[in-house]
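Once you have looked at the hints, place chain E on chain F.
Read top to bottom, the protein sequences are chains F and E.
Take 3 as the starting number for the first sequence in this note's numbering and just add one per residue.
Take 262 as the starting number for the second sequence in this note's numbering and just add one per residue.
The set of hints was computed from the structure by calculation and includes no laboratory data.
Yeah, the Cβ is synthetic: ideal placement off N, Cα and C, and Gly gets one too.
You may find that some hints are simply not true.
[As the list claims (entries may be wrong)] Facing chain E, a subset of chain F residues (Cβ under 10 Å, in silico):
1. Gly79
2. Ile248
3. Asn255
[As the list claims (entries may be wrong)] The list that follows gives simulated cross-link-like pairs (lysine to any residue, SDA-like), each with its CA atoms no further than 25 Å apart:
4. Lys729(E) with Arg317(F)
5. Lys252(F) with Gly550(E)
6. Lys252(F) with Met570(E)
7. Lys767(E) with Glu421(E)
8. Lys252(F) with Val751(E)
One letter stands for each residue in the lines below.
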Amino acid sequence: MLVEEADVEDVALGATVLGTGGGGDPNVGKLVAKQAIREHGTVELIDPAELDDDALVIPTAQMGAPTVAVEKVPGGGEPAASLERLERELGTEADATMPIECGGINSTFPFAVAARKGIPLVDADGMGRAFPELQHETFNIYGVDGTPAAVSDERGNVCLLETESNAELEWLARGLTVRMGGVGYVADYPMSGAEVKDTAIPGTMSLASELGAAVRSAGEDVVDAIRSVTADSIYGEATSLFEGKIVDVKRRNEGGFVLGHVELAGLGQDHGSSMRIEFQNENLAAKRDGEYVATVPDLITVLDRESGDPIPTERLRYGARARVLAIPTPPIMRSEAALDVWGPRTFGIETDYTPLST
Amino acid sequence: MNGYRLGIDVGGTNTDAVILDEDDSPITQTKRPTTEDITTGIVNALDDVLDAVAFTADELEYVMLGTTHATNAITERRGLNDVGVIRLGAPATESVRPLLEWPDDLEAAIGGKTAILDGGHEFDGRTLNDLDEAQVRETVREFGDADSFAVTSVFSPVREDHEERVAELIHEELGEDVPVSLSNEIGSVGLLERENATTLNAALTSVADEAASAFLEAMDERGIEAQLYFGQNDGTLMSVEYALEYPIFTVASGPSNSVRGAAYLSGVENGIIVDVGGTTTDVGAVTDGFPRESSVAVEIGDVKTNFRMPDLISIGIGGGSHVTREGDDVTVGPQSVGYRLTEESRCFGGETLTATDVEVASGSVDIGPESPDVDAETIEGARSHIRDRVEQAVDRMKTSPEPVPVVVVGGGSILVPADLEGASEVYMPDHYEVANAVGVAIAQVSGQVDRIFSLDDQTRDEALETAKSEATENAVGAGAAEETVDVVDVEEVPLSYLPGNAVRIKVKAAGTLGDE
Numbered sequence: 003m004l005v006e007e008a009d010v011e012d013v014a015l016g017a018t019v020l021g022t023g024g025g026g027d028p029n030v031g032k033l034v035a036k037q038a039i040r041e042h043g044t045v046e047l048i049d050p051a052e053l054d055d056d057a058l059v060i061p062t063a064q065m066g067a068p069t070v071a072v073e074k075v076p077g078g079g080e081p082a083a084s085l086e087r088l089e090r091e092l093g094t095e096a097d098a099t100m101p102i103e104c105g106g107i108n109s110t111f112p113f114a115v116a117a118r119k120g121i122p123l124v125d126a127d128g129m130g131r132a133f134p135e136l137q138h139e140t141f142n143i144y145g146v147d148g149t150p151a152a153v154s155d156e157r158g159n160v161c162l163l164e165t166e167s168n169a170e171l172e173w174l175a176r177g178l179t180v181r182m183g184g185v186g187y188v189a190d191y192p193m194s195g196a197e198v199k200d201t202a203i204p205g206t207m208s209l210a211s212e213l214g215a216a217v218r219s220a221g222e223d224v225v226d227a228i229r230s231v232t233a234d235s236i237y238g239e240a241t242s243l244f245e246g247k248i249v250d251v252k253r254r255n256e257g258g259f260v261l262g263h264v265e266l267a268g269l270g271q272d273h274g275s276s277m278r279i280e281f282q283n284e285n286l287a288a289k290r291d292g293e294y295v296a297t298v299p300d301l302i303t304v305l306d307r308e309s310g311d312p313i314p315t316e317r318l319r320y321g322a323r324a325r326v327l328a329i330p331t332p333p334i335m336r337s338e339a340a341l342d343v344w345g346p347r348t349f350g351i352e353t354d355y356t357p358l359s360t
Numbered sequence: 262m263n264g265y266r267l268g269i270d271v272g273g274t275n276t277d278a279v280i281l282d283e284d285d286s287p288i289t290q291t292k293r294p295t296t297e298d299i300t301t302g303i304v305n306a307l308d309d310v311l312d313a314v315a316f317t318a319d320e321l322e323y324v325m326l327g328t329t330h331a332t333n334a335i336t337e338r339r340g341l342n343d344v345g346v347i348r349l350g351a352p353a354t355e356s357v358r359p360l361l362e363w364p365d366d367l368e369a370a371i372g373g374k375t376a377i378l379d380g381g382h383e384f385d386g387r388t389l390n391d392l393d394e395a396q397v398r399e400t401v402r403e404f405g406d407a408d409s410f411a412v413t414s415v416f417s418p419v420r421e422d423h424e425e426r427v428a429e430l431i432h433e434e435l436g437e438d439v440p441v442s443l444s445n446e447i448g449s450v451g452l453l454e455r456e457n458a459t460t461l462n463a464a465l466t467s468v469a470d471e472a473a474s475a476f477l478e479a480m481d482e483r484g485i486e487a488q489l490y491f492g493q494n495d496g497t498l499m500s501v502e503y504a505l506e507y508p509i510f511t512v513a514s515g516p517s518n519s520v521r522g523a524a525y526l527s528g529v530e531n532g533i534i535v536d537v538g539g540t541t542t543d544v545g546a547v548t549d550g551f552p553r554e555s556s557v558a559v560e561i562g563d564v565k566t567n568f569r570m571p572d573l574i575s576i577g578i579g580g581g582s583h584v585t586r587e588g589d590d591v592t593v594g595p596q597s598v599g600y601r602l603t604e605e606s607r608c609f610g611g612e613t614l615t616a617t618d619v620e621v622a623s624g625s626v627d628i629g630p631e632s633p634d635v636d637a638e639t640i641e642g643a644r645s646h647i648r649d650r651v652e653q654a655v656d657r658m659k660t661s662p663e664p665v666p667v668v669v670v671g672g673g674s675i676l677v678p679a680d681l682e683g684a685s686e687v688y689m690p691d692h693y694e695v696a697n698a699v700g701v702a703i704a705q706v707s708g709q710v711d712r713i714f715s716l717d718d719q720t721r722d723e724a725l726e727t728a729k730s731e732a733t734e735n736a737v738g739a740g741a742a743e744e745t746v747d748v749v750d751v752e753e754v755p756l757s758y759l760p761g762n763a764v765r766i767k768v769k770a771a772g773t774l775g776d777e
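In isolation and in its complexed conformation, chain F is listed as follows (with noise of 0.2 Å):
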């Protein structure tokens, strides 16, 4: 599938719906991308199952604060830099590049350096979501070698890393985006076709298009629209949770991430009841009247209650009326191992993952 400047639209809006709150308002990528598109041409889109088993794929990302990002915006060449120093690390060209997150801004960053470098788009990525982490990939918890993983910045400056595990490669790559000003861009993960089709969550990118797509045309019913594009997924169908007005919101940074959570008034048939959502950057747990009815890694997303668009955490304030929704994150994305690095109790929330009754 050939994916022009419009499409850009739809990826970047359904990637808001799976970026659960989190993952960096993807206007600035959007921008990005489009702009690449325009001088570069189309992006192939193409199916893990596409891939020879020993193609090199090389997944780029961009890295740090989002607020720092809508500021000092790419100057455009940077994951395309990461990209490349791998390529001459390996020894070989890389056959493609992917998202490592299909949430927020980094589910439409990796679509300019394909149109940069010419090479096509991975439709898979390895967070099925948005996380705050680089570990936080199904390509860690399948096996797959963080490294040797590179970050770039405008000024042409490189960094290769090389690590003993991947939460090292985190630890030091985020600390070498402070000194880049806040942001870097990754290339990482680096990995064979096989690898891919072992590891990543497939159809991720069609399936943000699709949402996309579906809550920009679905008028009054765009809850609706969710339910009926995520039935039809290795996701699962969506869920209504909760309908009301924020009447509190509480937020604080801890060791660079924003710890918090929101509390809803019902209104409508939600009428007399409360939900509370939490948050590290992403939506993680929500309690409906005290009990959890919803936890990490399922998707919480919460919703603009008349215009249907999904409001990151960084926006919510109080007086705002959003509907709340969950959708059922793929059973990839819920084995035993990945429970390990991304179930409610890794995040601090006291309560085993329920899967979510639909």
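Then chain E, alone, in the frame of chain F:
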């Protein structure tokens, strides 16, 4: 304390004017149709209120004007300047060129001259790239026929020196008179939106100049020696000099004026405001006397900016709304006779059954020469339709389940029942018809700060104090009397996904106009 003040609000349908006495009480008011050139309607309203008072024009101390000149110029692409758009940030930011998302006709209307040059800073104030003065001079000469310039530097809300140096270079190259808009004075963090707002501002400088000159001339002809102020989008005022430099801030001051005016007239500082016009009803919320802001970024003329506007729900019900009945089903709006109410509605001898006619037929009000004959079921159905829609909108704006005060203002206020569900009390204050004009007349002067503070060498409390005192200073600088300035809004957002301590702090302070 204050002398007489005159407030004028230019709306889509009507231009309202009101004069307040020394105690800020309205003593006369008028409504005139808004004219195509805007200025004629303003002058008509001005003459009305001046004719009605016993004192002379030179006793007016302040004139406050909420105008749609700038908004119309953008939406109609009329009278806009050719703008030289200069961004400082290369080699960063080149992946999204300036004006990338602008509609083609708007980009063409401002000439489409853009450049991305070396410069800019990091979030913590470090230099991103040195400014290349020769490169700037060359670009400015290349853009030499531009009417005005818009300069945006990466992280200028943290450090503005590169933008300021470029302004000096432009003036050295092309003379002191070329208007230059600097982004750090226009908007907050978010380069592309701030650049858009700055560019729109630069495009509006001639429009603002013409509008202000025309109005100052009209004041002069009538012997008005008052200080002129313009209403801003956040419900506060700015001086003429400031409005000439920052015309973009006059965009969409109307809704803020109506919320502020309603709060003032009713004395309700926290509650819901229902503003009923001829075609639509806007429902907003007032928090500590100020409009609650929307969390969504605002598009002006299809261009995304990072302005915040009042949080409003607009429903298609007003005094001129068509009332239709199909079987037992009665609906009101969204079609409306609008400003043709006095020609088309039945109480004025017209053909169309409007919401106003229903109220006249019910005997609750007496408007127009005719009294239309409407059956009881239609009256009942229309009233209950209006009640339902307004109650739903009020419920959506509320932040707690408890009943809250509701203030109803605007020309169509008679449509709203006095016993709304969810309302602790429904206020329809005196002078409700011209609440917008009252809102701009009593508006305060504000100052803001919105930038990223690094917490490596200061505590969070120190950063907050710095932001608060800078916002207060900015308010005083804009004309507020120091002893009246209060911090009215503080928002703190830590930078996510970034180790180290950085926080984005937004503070707004406001006070009343100081004595000259």
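Status of the hints after comparison with the structure:
1. Gly79: Holds, about 8 Å.
2. Ile248: Holds. Min distance 8 Å.
3. Asn255: holds (4 Å)
4. Lys729(E) with Arg317(F): holds (22 Å)
5. Lys252(F) with Gly550(E): holds (24 Å)
6. Lys252(F) with Met570(E): holds (23 Å)
7. Lys767(E) with Glu421(E): Holds, at about 17 Å.
8. Lys252(F) with Val751(E): holds (14 Å)
Of the hints listed earlier, there is not a single one the structure fails to meet.
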